[in-house]
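Kindly produce the complete structure, drawing on both the sequences and the hints.
Take any residue in the sequence shown, note its place counting from 1, add 4, and you have its number in the working numbering.
I should point out that these hints are in silico values taken from the structure, not numbers from a laboratory.
Every residue gets a Cβ at the ideal spot worked out from N, C-alpha and C, and that includes glycine.
Careful, some of the hints might be misleading.
Derived DEER-like restraints, expressed as beta-carbon distance ranges [to be verified]:
(1) T64 / L14: 18 to 28 Å
(2) G39 / V13: 34 to 44 Å
(3) L50 / E80: 11 to 21 Å
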Amino acid sequence: MPGDLRPSVLVLDVDETVTDMSPLAARLEDVGLPGRLLPTWFAGVLRDGMAVTLAGGTVTFAAVARDGLRTLLAQEGGFGSSAAARRKWRFAWSGRP
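Shown next, in the form of structure tokens:
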């Protein structure tokens with residue numbers, strides 16, 4: 005059909021909409037951050053991921069999430085650069101449905 009403007013691909017963001025992310029608050033606490041920072045962390049992940057994409061770059065969700073965690077750790081005085089803390093967080097995230 006000429007002039008058909010239907011997209012060929014549709015992408016949906018379901019985190020926080022369909023999935024419950026609240027269990028990740030406990031994972032923040034595991035690395036020394038208050039669980040109340042979960043919305044702050046996730047908003048930063050979305051913001052930074054969109055910024056990279058709009059600038060024409062590519063980055064994995066894991067990389068953006070990890071950098072957001074490092075930023076919060078530095079700001080809030082969590083376990084900082086502790087490799088064990090990052091591994092614990094990575095494990096917690098990988099266990100999400």
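Tested hints:
About 21 Å separates the C-beta atoms of T64 and L14, a value consistent with the hinted range of 18 to 28 Å. The hinted window of 34 to 44 Å between G39 and V13 holds, with their beta carbons roughly 35 Å apart. Restraint check, L50 to E80: a C-beta distance of roughly 19 Å satisfies the suggested window 11 to 21 Å.
Violated hints for the displayed structure: none, as all numbered hints are satisfied.
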